[in-house]
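Just so you know, the protein sequences line up as chains V and B, in that order.
According to the numbering used here, the first sequence holds residues 1 to 341 in order.
According to the numbering used here, the second sequence holds residues 1 to 341 in order.
To be clear, the hints were calculated from the coordinates, so they are not data collected in a lab.
It is possible that part of the hints are untrue.
Listed next, with one range per pair, are the computed distances between beta-carbon atoms [stated by the list, open to error]:
hint: 1; chain 1: B; residue 1: E256; chain 2: V; residue 2: W47; range: 55 to 61 Å
hint: 2; chain 1: V; residue 1: D103; chain 2: B; residue 2: D185; range: 41 to 47 Å
hint: 3; chain 1: V; residue 1: K179; chain 2: B; residue 2: E59; range: 43 to 49 Å
hint: 4; chain 1: B; residue 1: D185; chain 2: V; residue 2: G64; range: 55 to 61 Å
hint: 5; chain 1: B; residue 1: D224; chain 2: V; residue 2: A117; range: 49 to 55 Å
hint: 6; chain 1: B; residue 1: D185; chain 2: V; residue 2: G221; range: 55 to 61 Å
hint: 7; chain 1: V; residue 1: D103; chain 2: B; residue 2: R144; range: 43 to 49 Å
hint: 8; chain 1: V; residue 1: G184; chain 2: B; residue 2: D198; range: 32 to 38 Å
hint: 9; chain 1: B; residue 1: P265; chain 2: V; residue 2: G186; range: 57 to 63 Å
hint: 10; chain 1: V; residue 1: R207; chain 2: B; residue 2: M1; range: 55 to 61 Å
All of these numbers come straight from a predicted model, not from anything done at the bench.
Built from N, CA and C at the ideal position, the CB exists for glycine as well.
Number of protein chains: 2
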Amino acid sequence: MTHRLVVLGATGLVGRTMLELIEARGFPTARPRLLASDRSAGRTMPWAGSRLPVEPVDEASFAGATVALFAGGNDVSRRWAPVARAAGAVVIDNSSAFRYDDDVPLVVPEINGDLLAARPTLIANPNCSTIAIVMALAPLLRGRRLTRIWTSTYQSVSGAGSSAVERLEEGLRATLAGKPAARGDGPPFADNVVPHIDRFEDNGYTREEMKIVWESRKILGVPDLAVSATAVRVPVRVGHSASVTAWFDPPLGPDEARREWATFPGLRVVDDPAESRYPMPMDAAGLDDVLVGRARVDLADPDALTFFVASDNLRKGAALNAVQIAEQWAARASGQPSVAP
Amino acid sequence: MTHRLVVLGATGLVGRTMLELIEARGFPTARPRLLASDRSAGRTMPWAGSRLPVEPVDEASFAGATVALFAGGNDVSRRWAPVARAAGAVVIDNSSAFRYDDDVPLVVPEINGDLLAARPTLIANPNCSTIAIVMALAPLLRGRRLTRIWTSTYQSVSGAGSSAVERLEEGLRATLAGKPAARGDGPPFADNVVPHIDRFEDNGYTREEMKIVWESRKILGVPDLAVSATAVRVPVRVGHSASVTAWFDPPLGPDEARREWATFPGLRVVDDPAESRYPMPMDAAGLDDVLVGRARVDLADPDALTFFVASDNLRKGAALNAVQIAEQWAARASGQPSVAP
Numbered sequence: 001m002t003h004r005l006v007v008l009g010a011t012g013l014v015g016r017t018m019l020e021l022i023e024a025r026g027f028p029t030a031r032p033r034l035l036a037s038d039r040s041a042g043r044t045m046p047w048a049g050s051r052l053p054v055e056p057v058d059e060a061s062f063a064g065a066t067v068a069l070f071a072g073g074n075d076v077s078r079r080w081a082p083v084a085r086a087a088g089a090v091v092i093d094n095s096s097a098f099r100y101d102d103d104v105p106l107v108v109p110e111i112n113g114d115l116l117a118a119r120p121t122l123i124a125n126p127n128c129s130t131i132a133i134v135m136a137l138a139p140l141l142r143g144r145r146l147t148r149i150w151t152s153t154y155q156s157v158s159g160a161g162s163s164a165v166e167r168l169e170e171g172l173r174a175t176l177a178g179k180p181a182a183r184g185d186g187p188p189f190a191d192n193v194v195p196h197i198d199r200f201e202d203n204g205y206t207r208e209e210m211k212i213v214w215e216s217r218k219i220l221g222v223p224d225l226a227v228s229a230t231a232v233r234v235p236v237r238v239g240h241s242a243s244v245t246a247w248f249d250p251p252l253g254p255d256e257a258r259r260e261w262a263t264f265p266g267l268r269v270v271d272d273p274a275e276s277r278y279p280m281p282m283d284a285a286g287l288d289d290v291l292v293g294r295a296r297v298d299l300a301d302p303d304a305l306t307f308f309v310a311s312d313n314l315r316k317g318a319a320l321n322a323v324q325i326a327e328q329w330a331a332r333a334s335g336q337p338s339v340a341p
Numbered sequence: 001m002t003h004r005l006v007v008l009g010a011t012g013l014v015g016r017t018m019l020e021l022i023e024a025r026g027f028p029t030a031r032p033r034l035l036a037s038d039r040s041a042g043r044t045m046p047w048a049g050s051r052l053p054v055e056p057v058d059e060a061s062f063a064g065a066t067v068a069l070f071a072g073g074n075d076v077s078r079r080w081a082p083v084a085r086a087a088g089a090v091v092i093d094n095s096s097a098f099r100y101d102d103d104v105p106l107v108v109p110e111i112n113g114d115l116l117a118a119r120p121t122l123i124a125n126p127n128c129s130t131i132a133i134v135m136a137l138a139p140l141l142r143g144r145r146l147t148r149i150w151t152s153t154y155q156s157v158s159g160a161g162s163s164a165v166e167r168l169e170e171g172l173r174a175t176l177a178g179k180p181a182a183r184g185d186g187p188p189f190a191d192n193v194v195p196h197i198d199r200f201e202d203n204g205y206t207r208e209e210m211k212i213v214w215e216s217r218k219i220l221g222v223p224d225l226a227v228s229a230t231a232v233r234v235p236v237r238v239g240h241s242a243s244v245t246a247w248f249d250p251p252l253g254p255d256e257a258r259r260e261w262a263t264f265p266g267l268r269v270v271d272d273p274a275e276s277r278y279p280m281p282m283d284a285a286g287l288d289d290v291l292v293g294r295a296r297v298d299l300a301d302p303d304a305l306t307f308f309v310a311s312d313n314l315r316k317g318a319a320l321n322a323v324q325i326a327e328q329w330a331a332r333a334s335g336q337p338s339v340a341p
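In isolation and in its complexed conformation, chain V is listed as follows (with noise of 0.2 Å):
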């Protein structure tokens, strides 16, 4: 079966990557509909060796659509996923909008793919930061009860979107010739680390830590799950990383969680510190893998497991991670039951 497929916010960092997934993964689909607002709409994206005109959205937009990947913001997404759902797509949303209706599946493929045996007509995509780390504890909780996770996160200006890395560019440009960099909306990315991203909210944490208290409950199936988060921004153009302690009952040592991610689809790990080989976002950037390692028995408390995660937040934390549910629904309505991630 061939889909009609729409990617709406087609010219951002995100709709860009669905678009290079969608055709270099060979999902079937012959001529994507590609959607923006206003502003990017008009322009051409590139697509099997010609070009695809942008067009603005509109009621009639979805007219025949089967799958649409939504990469724009929260009220993109409000406004448009009833419009495609009523025209017969399955939306597929990479904003935050509905990530937390508890009729929407919030999918991350390896872990909780199932889910789309129900056929929801409404899927989210879970939030950058979380995915990389829920695909690190995930495969831990076989036999096991996972109750509490510590997070800092070390998250890629690319994260903030397109204008962000701009932004970050010129203020490196800036120090390097020995001039501050200038404020944006918020404080300069250049040469600084700022613990805020998204707005605050009322307990003091920020909407993005949150997000990974609530996605990290919601994605595992562990409700009562016990997570704090700080969500710092660094200036690296791509690939979100995360320091993580985590406490499992009964607990589990550093050997056997090596050993439980080596056999995960989507995880890769890389833990030799003899040899200097442990996560980074320099060899994240561009691979499909959520690269974990340092994992080590943790110090404070030996009952815990610490380590590191890094990924691509372009593509596993957001377009690979769509594109993948994208996959999984489109064999599930050919009849074939599972794809491999």
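Put chain B on the given structure of chain V with help from the hints.
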């Protein structure tokens, strides 16, 4: 009393900052003697409107010295500390060579400056990240026991010395030109995050992480303190940050923490999320104070306090703390029992 001051390792980032601070803060010395390895000897360094020669260190270098600031590596300190002490100088050592010796005080003047009353002739200056973390913990100890801390650091490249900063800048230029940053002794700093500082120990922790463990216990006087650290290099020139979760018995909340911090010398509370005010290395660089903020009740354990610190790793994290030790030592030598840090 005017001191005969010697700075060993005067041409490095920390040595240079020591010299600037000695002049700017008016430490009572006429003309410091600058020493360095043979490689750097022969250069001159700015001092009081003119320049001072940098001499190669030898057995006679410390004759007549009263205070010696050491800003070289462990080997340099082990070689020359006995010579300087034998010549009658007090040695204030920024290396980690003597920090873990029971008979060597490890001093942050605001916290345990009273150890100088015993007139030690060798004083160790703590690790750069540790200083910022203990500065935030110490004011909270009044009437409470500190039982456990978790920390993940965001350490700037200047902590690895001036050649590392040059390598970062070369890497930034390369990535801005669309080329990959080159490897040096280790992975590139530019456009990357490196969870590896100093060498790995057998327990899977790096020595940098173990310094935070050992030195927090020693400086705070809590030998059974449970500490777990993940030390990470980020592509920032100056300013180390850390995400910290700490347990006190009895517990304390963020409001109480902010009240204690507000009156502690050397700390500055920067904690107004609604106004996007929180500690960042770009604001800490060039400041004497350690910045502390983002204080909140820990979400995973309401008995814990989570916060974020940022400080200038060359100043309070190294040179400033050493010069403050010299100042308090000198004030005590002149019969002034204490000075404001």
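Hints versus structure:
1. Range check, E256(B) to W47(V): Cβ separation about 59 Å, and the 55 to 61 Å hint holds.
2. At roughly 54 Å, the beta-carbon separation of D103(V) and D185(B) lies outside the given 41 to 47 Å, and the hint is violated.
3. Distance hint check: the CB atoms of K179(V) and E59(B) are about 46 Å apart, consistent with the given range 43 to 49 Å.
4. Between D185(B) and G64(V), the C-beta spacing of about 58 Å keeps the proposed range 55 to 61 Å intact.
5. For the pair D224(B) and A117(V), the supplied restraint of 49 to 55 Å holds, since their beta-carbon distance comes to about 52 Å.
6. The beta-carbon spacing between D185(B) and G221(V), approximately 44 Å, falls outside the hinted interval of 55 to 61 Å.
7. The hint said 43 to 49 Å for the Cβ distance between D103(V) and R144(B), and at roughly 46 Å that hint holds.
8. The supplied range of 32 to 38 Å is met by G184(V) and D198(B), whose beta-carbon atoms lie about 35 Å from each other.
9. For P265(B) paired with G186(V), a C-beta distance near 31 Å fails the hint of 57 to 63 Å.
10. Taking the beta carbon of each, R207(V) and M1(B) are about 57 Å apart, inside 55 to 61 Å as hinted.
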